[in-house]
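Chemist: Sequence:
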Amino acid sequence: MQDWKAQLTLLAMQRAEVDATLSVGSASTVVEVKGDVAPLVTTTDGTLSNVLEQERIEQLPLNGRMFYSLIAQTTPGLQNVGSSTQTVWGVRYATEYSQDGSLLQDKYLQGMVDRPPALESVDELVATTNAASAKLSRPAVITMSTKAGTNQLHGSLFETNRDNGYGLARKRTDVFSKAPQLVRNEFGGSIGGPVLIPKLYNGKNQTFFFFSYEGRRVAQGSSTQIAVPTAAMRNGDFSGLTDSSNHGITIYNPYTTGPAPSYTRSSFPNNQIPITLESPTAKSLWAITPLPTLPNVNPLAGYNYSAATPDSDREYTYTMRFDHRFSDRDHVFARYTRSEYGETVPGNNANDGSPTTTDGQINNEIVLEHHHSGVISWVHTLSPTFFSETVATYQSDYNGTSRSE
Numbered sequence: 001m002q003d004w005k006a007q008l009t010l011l012a013m014q015r016a017e018v019d020a021t022l023s024v025g026s027a028s029t030v031v032e033v034k035g036d037v038a039p040l041v042t043t044t045d046g047t048l049s050n051v052l053e054q055e056r057i058e059q060l061p062l063n064g065r066m067f068y069s070l071i072a073q074t075t076p077g078l079q080n081v082g083s084s085t086q087t088v089w090g091v092r093y094a095t096e097y098s099q100d101g102s103l104l105q106d107k108y109l110q111g112m113v114d115r116p117p118a119l120e121s122v123d124e125l126v127a128t129t130n131a132a133s134a135k136l137s138r139p140a141v142i143t144m145s146t147k148a149g150t151n152q153l154h155g156s157l158f159e160t161n162r163d164n165g166y167g168l169a170r171k172r173t174d175v176f177s178k179a180p181q182l183v184r185n186e187f188g189g190s191i192g193g194p195v196l197i198p199k200l201y202n203g204k205n206q207t208f209f210f211f212s213y214e215g216r217r218v219a220q221g222s223s224t225q226i227a228v229p230t231a232a233m234r235n236g237d238f239s240g241l242t243d244s245s246n247h248g249i250t251i252y253n254p255y256t257t258g259p260a261p262s263y264t265r266s267s268f269p270n271n272q273i274p275i276t277l278e279s280p281t282a283k284s285l286w287a288i289t290p291l292p293t294l295p296n297v298n299p300l301a302g303y304n305y306s307a308a309t310p311d312s313d314r315e316y317t318y319t320m321r322f323d324h325r326f327s328d329r330d331h332v333f334a335r336y337t338r339s340e341y342g343e344t345v346p347g348n349n350a351n352d353g354s355p356t357t358t359d360g361q362i363n364n365e366i367v368l369e370h371h372h373s374g375v376i377s378w379v380h381t382l383s384p385t386f387f388s389e390t391v392a393t394y395q396s397d398y399n400g401t402s403r404s405e
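Residue 116 in this note's numbering sits at position 116 of the sequence shown, and the numbers go up by one each step.
Everything labelled a hint here was simulated from the structure, so no lab data went into it.
Fair warning: there could be bad hints in the mix.
As the list claims (entries may be wrong) - Ranges between beta-carbon positions, derived for each pair:
id, residue 1, residue 2, range
1, P259, W286, 32 to 40 Å
2, N151, D330, 14 to 22 Å
3, L196, L22, 42 to 50 Å
4, R217, G155, 17 to 25 Å
5, Q2, R162, 55 to 63 Å
6, G302, H154, 41 to 49 Å
7, P76, H154, 32 to 40 Å
8, R325, F386, 16 to 24 Å
What the hints assert, rightly or not - Capping the alpha-carbon separation at 20 Å, the derived lysine to aspartate or glutamate pairs in EDC-like fashion look like this:
id, residue 1, residue 2
9, K135, E96
10, K5, D19
11, K204, D330
All C-beta atoms in this analysis are idealised placements derived from N, C-alpha and C, irrespective of residue type, glycine included.
Could you put the whole structure together from the sequences, leaning on the hints where they help?
Modeler: See below:
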């Protein structure tokens, strides 16, 4: 029989069936070498998947560097809702995420971690939106495989900057006359290759490493509208106090509370509280609370103060991976990923009742998250058609929120 040789490219989570056709040989045997014989359409199962290989990950346009945004832009039936949650065919929380066989998901918030692994570390992405494996708990699965080092030393560096100091000015869509500040930087790089220790060890064809880092820094102003006490209210004058329906509100003197069961109280004459009853706490709050920028607006009916307040992000992620081939039958790799997400955002005292301060910090909310993910994999080939894989994984999440007033 004639020899038949071909190349098969097997993508992540792909099942491929290739039929080899052998012909009767002759005295002058011809060896036919074909190109990639991977089938374009899988006919052996009903799984519906979208595969993003490294070339498309690097070349497709993307606003930001979050891989789930790239998946949503290229996968029919999958759509982003919020910053890190997807719907699949209209079903929310129906997606499970994995990296090298390890869960990559915030189980508390039921979505992707806010700072996912960097695109520089991704080798392939597969979004399965129909007939996913029964070993997974969700109907849709996003599977990511991490890059590994090779015999050639390779690396990359990148920096992306957006700044309101140049380029097209940001347009206003609210009551402010000038757009707030915006400075955004995304930067990082990667390096991979064989493990080489001069005069001690040469890891070519055997031991490899890969490392990637990506950071994001955003410093911008956020347009904020809130409600603050008027100048008259600071002096105890509530004579014009009304609710949103323009109905008058009467203030009663707590020091005139009568006995049970009625506990009746007397109202302040003309709704004016004597300045002698002002507490030290009130004096401290008035000292750090700005006056309204719209003094004619009732703070109980609408916003009477507008300002640009700080809104900043600081986040990073790095991935380390080591591969080692003990033999042609045994391959082991270990991968560790750490991500940190920190955000300082202005609050709104019209919603939560917190005071506004004159230092520009409108009851800032500080969000801090850590995510750790690790995996150790051992693949043992028993025969050309049978192998085993043993995987141990680790994941740890931390979500914290605090307020500074």
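Chemist: Of the hints stated earlier, which fail here?
Modeler: Of the numbered hints given earlier, the structure breaks just one, which is hint 6.
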